[in-house]
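Trainee: Sequence:
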Amino acid sequence: MRKLLKYEMRAMNRRLFPIYAGMLAIALLNGFFGMGAMIQDSNALERMLDALPSPLSFLLSMMQMVIVILFFGILMGMMVVWLLTTINRFNKGLLGEEGYLMFTLPVTTGRLIGSKLLASSIHLVLASLVALLSMCFMAGTTGISAFFRLMSDADFGSFFGELARACPTWPIVVLEFLVFCALGVFGTVLHFYLAMALGHLSNSHRTLMSVLAYIGISVVMSMLTSMGFSGLMLLENVGFVENMARFVFAHGQLAGHLMMLALIALSVAECAVFWFGTRYILKRRLNLE
Numbered sequence: 001m002r003k004l005l006k007y008e009m010r011a012m013n014r015r016l017f018p019i020y021a022g023m024l025a026i027a028l029l030n031g032f033f034g035m036g037a038m039i040q041d042s043n044a045l046e047r048m049l050d051a052l053p054s055p056l057s058f059l060l061s062m063m064q065m066v067i068v069i070l071f072f073g074i075l076m077g078m079m080v081v082w083l084l085t086t087i088n089r090f091n092k093g094l095l096g097e098e099g100y101l102m103f104t105l106p107v108t109t110g111r112l113i114g115s116k117l118l119a120s121s122i123h124l125v126l127a128s129l130v131a132l133l134s135m136c137f138m139a140g141t142t143g144i145s146a147f148f149r150l151m152s153d154a155d156f157g158s159f160f161g162e163l164a165r166a167c168p169t170w171p172i173v174v175l176e177f178l179v180f181c182a183l184g185v186f187g188t189v190l191h192f193y194l195a196m197a198l199g200h201l202s203n204s205h206r207t208l209m210s211v212l213a214y215i216g217i218s219v220v221m222s223m224l225t226s227m228g229f230s231g232l233m234l235l236e237n238v239g240f241v242e243n244m245a246r247f248v249f250a251h252g253q254l255a256g257h258l259m260m261l262a263l264i265a266l267s268v269a270e271c272a273v274f275w276f277g278t279r280y281i282l283k284r285r286l287n288l289e
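For the sequence shown, my numbering gives the first residue as 1, with consecutive numbering after it.
Hint data in this document are derived by calculation from the structure and do not stem from the laboratory. Just so you know, nobody snuck in bad clues.
Okay, derived cross-link-like pairs now, DSSO-like style, lysine-lysine, Cα gap no bigger than 30 Å in a straight line:
1. K283 - K6
2. K3 - K283
3. K283 - K92
4. K6 - K92
Distance windows between CB atoms, simulated:
5. M62 - I215: 38 to 44 Å
6. L129 - V66: 21 to 27 Å
7. P18 - C136: 19 to 25 Å
8. K3 - L133: 28 to 34 Å
9. V173 - V66: 41 to 47 Å
10. Y7 - M62: 43 to 49 Å
11. N88 - A131: 20 to 26 Å
12. M62 - F180: 40 to 46 Å
13. G110 - L83: 20 to 26 Å
14. K283 - M76: 32 to 38 Å
15. S230 - L261: 20 to 26 Å
Keep in mind the model is a prediction, meaning the values are calculated, not measured. We put the CB at the ideal spot given by N, CA and C, even for glycine.
Go ahead and model the full structure; you've got the sequences and the hints to work with.
Mentor: Here it is, written out as structure tokens:
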């Protein structure tokens, strides 16, 4: 599993790391050319440009506008490249040319899927962190310095003390939230995997069938969600919702934990359906011809 994950990470790193570097570089240029000043003071950039000669002011304004457009273009491009890389690594590695070799390795189908799932999920988290870091860089030196001053002046002891008094179980809340987010990432990737596996069952137009399968799965999930809310509305007639509201007001923290655990359980069920569906197709119904 470790070797498979290392192989997948290398393949994705080659495509995504240059995008991450470009994203951070453009964000730094944005901060350098006045984006940070504009964030801190909406009139600061205008005053700075008015103090410059007209040709230089126009050139600097154009450069700043172009860099902002480039930043948001690369931001969108980064997520598109991640998506295309995720699809390509699964489609080519298990359903296409490399599939003949991968399925001859002495590893289980689950490990083959798991290595690609972990690599894609790690890079989705990295892409999100790079986007957040780029937003910080766009604030320029002024914003970054203010952030570090705020962090150095903050009294974390008092903060965590007040947090512990208000919510003694806050570490469990953080853990539940992180687990829920991780399951959300896994579910997003596995959704694509199951759609591609279903599309591959077709003898022709497999890409189109994969797209239709993805849409079909999304529709089914939406219908199940709507049915769940409809069920709650029906239960309202027998006083279930009212009793639940009373329980929430009487036991706020416990109710919050139960709600998070319910969401986690639903996410686990979703991931399990996607995982075992993909695994079954690759193990029992796979046709590499």
